[in-house]
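Asks: Residues per chain, in single letters:
There are 2 protein chains.
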Amino acid sequence: MTAHTTKEGLRTLIQAARKTRPCDTVLSGGRIVNVFTGQLESGDLGIAAGRIVGIGSYEGIETIDVSGAYLCPGFIESHIHIESSCLVPSQFARGVLSRGTTTVIADPHEIANVMGLPGIVAMHNDVLITPLEVYFVLPSCVPATGFETSGATLSADDLSDLIGEEWVIGLGEVMDFPGVIAGADDVLDKIVMARQNGKLIDGHAPLVSGGNLTAYLSTGIGSDHECTSPAEAREKLSQGMFVMIREGTDARNLSALIGMINEKNFWFATLVGDDIHPRDIIERGHIDYFLKRATSEGIDPITAVRMATIVPAMRAGFSHLGALSPGRQADVAVLGSLSAFDVKMVFKKGKLVARDLRASFENSGLSDMPRVPMRVSGFGPESLSVPFRNGAARVIGIIPGQILTDELPLELKGENGVAVPDMERDILKIAVIERHRGTGNTAVGFVKGFGLKAGAVGSSVGHDSHNITVVGTNDGDIAAAVRRIVDLGGGQVVVRDGAVISELALPIAGLMSELVLEDVDARTDKNLKAVASLGCVLENPFMTLSFLPLAVIPKLRITDRGLVDVDSFDFVPLYV
Amino acid sequence: MTAHTTKEGLRTLIQAARKTRPCDTVLSGGRIVNVFTGQLESGDLGIAAGRIVGIGSYEGIETIDVSGAYLCPGFIESHIHIESSCLVPSQFARGVLSRGTTTVIADPHEIANVMGLPGIVAMHNDVLITPLEVYFVLPSCVPATGFETSGATLSADDLSDLIGEEWVIGLGEVMDFPGVIAGADDVLDKIVMARQNGKLIDGHAPLVSGGNLTAYLSTGIGSDHECTSPAEAREKLSQGMFVMIREGTDARNLSALIGMINEKNFWFATLVGDDIHPRDIIERGHIDYFLKRATSEGIDPITAVRMATIVPAMRAGFSHLGALSPGRQADVAVLGSLSAFDVKMVFKKGKLVARDLRASFENSGLSDMPRVPMRVSGFGPESLSVPFRNGAARVIGIIPGQILTDELPLELKGENGVAVPDMERDILKIAVIERHRGTGNTAVGFVKGFGLKAGAVGSSVGHDSHNITVVGTNDGDIAAAVRRIVDLGGGQVVVRDGAVISELALPIAGLMSELVLEDVDARTDKNLKAVASLGCVLENPFMTLSFLPLAVIPKLRITDRGLVDVDSFDFVPLYV
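Chains X and A, in that order, give the protein sequences. 18 is the number of the first residue of the first sequence in this note's numbering; add one for each residue after it. 18 is the number of the first residue of the second sequence in this note's numbering; add one for each residue after it.
If you are wondering where the hints come from, they were derived from the structure by calculation, not from laboratory data. Glycine is no exception: its CB is placed at the ideal position from the N, C-alpha and C atoms. Don't take every hint at face value.
[Said to hold, decoys possible] Pairwise CB distance ranges (calculated):
1. X:Gly315 to A:Pro571: 44 to 54 Å
2. X:Asn142 to A:Arg375: 58 to 68 Å
3. A:Thr245 to X:Pro135: 36 to 46 Å
4. X:Trp184 to A:Thr245: 52 to 62 Å
5. X:Pro404 to A:Ser74: 30 to 40 Å
6. A:Gln56 to X:Gln213: 31 to 41 Å
7. A:Ser84 to X:Gly315: 31 to 41 Å
8. A:Trp184 to X:Glu183: 16 to 26 Å
9. A:Ser394 to X:Gly73: 51 to 61 Å
The following block holds chain X by itself, in its conformation from the complex (with noise of 0.2 Å):
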């Protein structure tokens, strides 16, 4: 991956580097982290023709002052479904481009579930329109399993007509991992698919270790962002495998991982977001955050930098990011300092695209991405019904803090011959209903750890097949959740006594939603208000919510086809 130029291109900088003409933009007075030396330097930096020109003293034809500040190459995500922002691609852009944030790699893996190609093509157009420079790799388990009715199913066949395009660089996580264990065939024509031409493969390997690991990894598979303790992510890391700290919305691993991290093996290793709401990107941050986080756990803040720069720009083979060095991109996050991590400004390919922590570009560019209806058929209150039984059920627990589910056998309240909820244990009834295919399949079980009091809370999106998922204390909050959901073409809703009281309609695929950033975040605040109005305990319900359905995470989910133990990787009953 070289960034294509011109012979005019290249005089342009030649001319600029030998002062024969002026920069374009010099941004004076700085601290540069050069990233090779691991050493701050001092000078001007400059800029023309989009890309670096040198570190020295440099006339420009604007110069911007940044004294005191520190100049950093933009930030590198190397893992995320932008998806699960609720946003747009070019919103998400606004987000993170404010953060530092100027090249993403995403896996459209949501999107994909829903519509196939199509949809990681409309994903790919859409950021077109901003300055982010996005890479996506194509998502490698469509649908995640056969456990669920999935919108979309993408074989490696079907893969190939994308696979050469140059803005997509790999074969996305691949969460198949007993399949790749076992050597299926479906998973393994992907690999060989995306290893014939020259792709990079991520993986996604939650607790496999030992032999499973290394078979795992012997097909290729380069990456992995599941760690959740140090002795895993040491195992990966020595085995090979690109360790990716994941500090998401819900999966937060960058406290328990970050001390693995030293000297030595930093280069192998790299921060993610993976999945983050827009709530956090606004409050928290983005990459800015997690820097300000692990310097603040002891890295040092230029090992930092560099594992947010050069060492995933290494790993993706961008040899024109990653580096304040003459002919690379002139992306730039300024910084306050390297201890807050205060992003001043962002420059992409030379250009101011953020101060302050507002993008400088309003677009949002909708036109053109896909709403799909929810086909829903044959849903009714009576669908939610499950008899009762003495002895103990499959109640999923939730986690805090973890995508991780515990199976807990608990015995279930009965009313009347039917299991119901019981608010006061906090087993609350969960149901999934498929809305791709008008399947009519609805599947309800028990889930613990949310707290609600009262209503429901629900939504369209529920990885990895986005079937409709609701949480609540009633059937009839429930089915309320549900019609409304398939009402807004797709959505999260909160319900009590059978009325919507906040909503956020995410009519893009049942995913995203048509608004700006500012607007989703306000709704989603809405929304998580009124969620902990019903008593809720989580601090994103909707995100664990979203993660309930996803049966390649270990232990106990539930699709629209029933409750999956992801140990044995097989359906089980409700009651033991």
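For this one, chain X is given, so just place chain A on it according to the hints.
Replies: Just chain A, lined up with the frame of chain X:
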């Protein structure tokens, strides 16, 4: 660059990792250099289907006890001209594989100057019959200058025929740094062409610094192997150049440069040979020798190994090389210690290819290597006649141990109106005879420093166009040397009293021998002794001779077209 694979290959590895089938080979009891963690590990190294299964406890069809030894990834040579060894690639392979080098990036600049693209393709084809993995960069400067007659000219358009090949990973050292800095069309065309194809660009910029270096780098040129001082290397590395520390037969920079390497910057530096004679490969070694030298100068042994394995692999995008980790190619150097770097065994793709410094294969692979006739026309002893004039002549002054030459203003010796060699003052005749196109060009000059008292010494290796270059004490012996070189179709010859007393035929493009490594070494040894018997005082007169036509290195040179003053970059007459 990801190694291709098949589903069946992957399944073999998966099964071996899960121990449902034995490994093909197990190296048991060694200590393994983990290039990711920078630590040593203990365990068996399992190998199947030519790839690493893992580190642990494995059963193998074959088990090799390597107790007490150190296992490193096979070494990677990032910049070498194979032709300079006088060996065909398949013989060069025998030499370096026995020293633990399992992958080479070669710049076939010499053969390209003789015969253009077919020469490059022939080099590629010849290595295919050996276990050595060789990638090529395309020579960027054919011919190097307009001062001499070469066998070929390669434009950007010509090079584009091969740039897309998988075995071609970049554009070779861009020696025309004045052209780059001036923004010359021809060289920028080649750079743009390489970038458009996503390939690497190697540099060559001795002593270039400041704004000129910045200008050079801004075009995307990414490496340099010409540093001679720590300050030069520091400046280049800090600007993003990948610094290749050279330790060739003649140009030895390791001692001068290794001190600038530290734990923060070694990820952007490696150790290379550039030009190495077979004697050095046999007696000193290759990268094993560089590593021994580097560690003896204070580099941590594991850091040194990383600089020769994962660092060059990452730089070149070889995700299948550079580490002993699951799924990577089983290229292994087995060392007795990490201080002596004594290579005990070498495995390539899991096969034992060398033991105790002896390659286990003998193929010569000569049948397809191209011979070209010496197209010399109209040459005879009379071509060597130079009229005598009173006053100073421009005599080339050899500087022992350097490639630089002096221009010495000296009175020549006259006899019967012609200028003749004067052995008492060590002023000998030098002639360069064009051999590619039958132009009849012969240039004659005088040189001081060889010390011959009788006879002549000649070679068809003369950088960079490789015309026939002879130094002698009388016209008869010079002419005899030329005739013999022509008859051999190229070679290095030593003549006394009209008779050839020693020779090494180089019929492959006039650059390389048909003989095996050991025989080339023996003949070279005999040649050197023969030249010494004529009174020569130089350590390697063939090497000195080969650089005298190189009209890019100051001060006075001679090509088939005449004497060149490199400082004024123009032809000059013999007499001042």
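Asks: Run every hint past the structure and note whether it holds.
Replies: Each hint tested on the structure:
no. : hint                             : verdict
1   : X:Gly315 to A:Pro571: 44 to 54 Å : holds (53 Å)
2   : X:Asn142 to A:Arg375: 58 to 68 Å : holds (60 Å)
3   : A:Thr245 to X:Pro135: 36 to 46 Å : violated (57 Å)
4   : X:Trp184 to A:Thr245: 52 to 62 Å : violated (42 Å)
5   : X:Pro404 to A:Ser74: 30 to 40 Å  : violated (51 Å)
6   : A:Gln56 to X:Gln213: 31 to 41 Å  : holds (34 Å)
7   : A:Ser84 to X:Gly315: 31 to 41 Å  : holds (39 Å)
8   : A:Trp184 to X:Glu183: 16 to 26 Å : holds (22 Å)
9   : A:Ser394 to X:Gly73: 51 to 61 Å  : holds (54 Å)
Comparing the model with each earlier hint shows violations of hints 3, 4, 5; every other hint is respected.
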